[in-house]
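Model the full assembly from the supplied sequences, consistent with the hints where possible.
Residues per chain are reported as follows:
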Amino acid sequence: SQQGEEDPQALSIQEGENATMNCSYKTSINNLQWYRQNSGRGLVHLILIRSNEREKHSGRLRVTLDTSKKSSSLLITASRAADTASYFCATQGGADGLTFGKGTHLIIQP
Amino acid sequence: NAGVMQNPRHLVRRRGQEARLRCSPMKGHSHVYWYRQLPEEGLKFMVYLQKENIIDESGMPKERFSAEFPKEGPSILRIQQVVRGDSAAYFCASSPTGGPGTGELFFGEGSRLTVL
Chain B
1 SQQGEEDPQA
11 LSIQEGENAT
21 MNCSYKTSIN
31 NLQWYRQNSG
41 RGLVHLILIR
51 SNEREKHSGR
61 LRVTLDTSKK
71 SSSLLITASR
81 AADTASYFCA
91 TQGGADGLTF
101 GKGTHLIIQP
Chain L
1001 NAGVMQNPRH
1011 LVRRRGQEAR
1021 LRCSPMKGHS
1031 HVYWYRQLPE
1041 EGLKFMVYLQ
1051 KENIIDESGM
1061 PKERFSAEFP
1071 KEGPSILRIQ
1081 QVVRGDSAAY
1091 FCASSPTGGP
1101 GTGELFFGEG
1111 SRLTVL
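Chains as they are written, first to last, in the working numbering: chain B, 1 to 110; chain L, 1001 to 1116.
Rather than coming from a laboratory, the hints here were simulated on the basis of the structure. Where hints are given, some of them may not hold.
[Said to hold, decoys possible] Covered by chain L, per the in silico footprint, the following chain B stretches (three or more residues, Cβ under 8 Å):
1. 43-53
2. 60-72
[To be verified] With a straight-line cut-off of 25 Å between C-alpha atoms, the simulated DSS-like cross-links for lysine-lysine are:
3. B:56 to B:102
4. L:1044 to B:70
5. B:26 to L:1027
6. B:26 to B:69
7. L:1071 to L:1027
8. B:26 to B:70
9. B:102 to L:1027
10. B:26 to B:56
11. B:102 to B:26
12. L:1062 to B:102
13. L:1062 to L:1044
14. L:1062 to L:1051
15. B:70 to B:102
16. B:56 to B:69
17. B:69 to L:1044
Backbone N, C-alpha and C fix where the C-beta goes; we use that ideal spot for every residue, glycine too.
Pasting the structure below:
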């Protein structure tokens, strides 16, 4: 079964606006990662946040992690058309490998 | 430094045929993961391998599917007697380390299997 569940499933915003995506998970984790997938392409790693971290920044990306609520959020500021993609959260727990959610499909309208 | 290389990028098979998907991990990476993605879905874990060893195959169907990562050469995901439900994108990822401390995975562009 899927560990992470992203919300919303789809999001459409105007260029320049901020985009926020949420991820909830069920079991304890070592870290949580966010990936981006452009249509027809492979996944690209965006950011990793460890279970003992609460917030992390990378360029226009800001990720938060609340282990008490088992949730994470990804904020993309000042969105651009090139940010149009699907975004997945993935959790890394005691087992090997990552468990992915179903993703949020983000559309940035020019 | 080349990334994760997967081939073929697209594969068409008729029901009952065999499909072989290959993955060469990034240089220096000895941990390989295979995932399957259905349209509009997330990635589902299939198998995790290290050189010459299958570490975790809990996501792999018990029948018709097998994977290997030999000492020399690419990792291979093999699907025998394909059925229409096997149509999907199959992604390979690699990492320099594995286990609970695994960090970022590096993904290939995927192999898209279509079963007619």
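Evaluation of the provided hints:
Counting residues of the region 43-53 of chain B whose C-beta lies closer than 8 Å to any C-beta of chain L gives 4; at least three are required, and the coverage claim holds. Only when three residues or more bring their CB closer than 8 Å to a CB of chain L does the claim for the region 60-72 of chain B stand; here the count is 0, and the claim is violated. For the suggested pair residue 56 of chain B and residue 102 of chain B, the alpha carbons sit about 23 Å apart, so the restraint of at most 25 Å is met. For the hint pairing residue 1044 of chain L with residue 70 of chain B, the CA-to-CA distance comes to about 20 Å; that is within 25 Å, so the pair holds.
With a CA separation close to 34 Å, the supplied pair residue 26 of chain B and residue 1027 of chain L exceeds the 25 Å bound. For the proposed pair residue 26 of chain B and residue 69 of chain B, the alpha carbon gap of about 9 Å is at most 25 Å, so the pair holds. For the proposed pair residue 1071 of chain L and residue 1027 of chain L, the alpha carbon gap of about 14 Å is at most 25 Å, so the pair holds. Proximity of residue 26 of chain B to residue 70 of chain B is assessed by CA-CA distance (about 7 Å); at most 25 Å being required, the pair is judged to hold.
For the suggested pair residue 102 of chain B and residue 1027 of chain L, the alpha carbons sit about 30 Å apart, so the restraint of at most 25 Å is broken. Restraint check for residue 26 of chain B and residue 56 of chain B: the C-alpha separation of about 21 Å stays at or below 25 Å, so the hint holds. For the given pair, residue 102 of chain B sits about 14 Å from residue 26 of chain B by alpha-carbon distance, which is consistent with the 25 Å threshold. Restraint check: the Cα-Cα separation between residue 1062 of chain L and residue 102 of chain B comes to about 24 Å, which is no more than 25 Å; the hinted pair holds.
Proposed proximity of residue 1062 of chain L and residue 1044 of chain L is supported: the alpha carbons are some 15 Å apart, at most 25 Å. With a C-alpha separation of about 21 Å, the suggested pairing of residue 1062 of chain L with residue 1051 of chain L holds against the 25 Å cut-off. For the hint pairing residue 70 of chain B with residue 102 of chain B, the CA-to-CA distance comes to about 17 Å; that is within 25 Å, so the pair holds. The hinted pair formed by residue 56 of chain B and residue 69 of chain B meets the criterion: a straight-line CA distance of about 17 Å does not exceed 25 Å.
With a C-alpha separation of about 24 Å, the suggested pair residue 69 of chain B and residue 1044 of chain L falls inside the 25 Å cut-off, and the hint holds.
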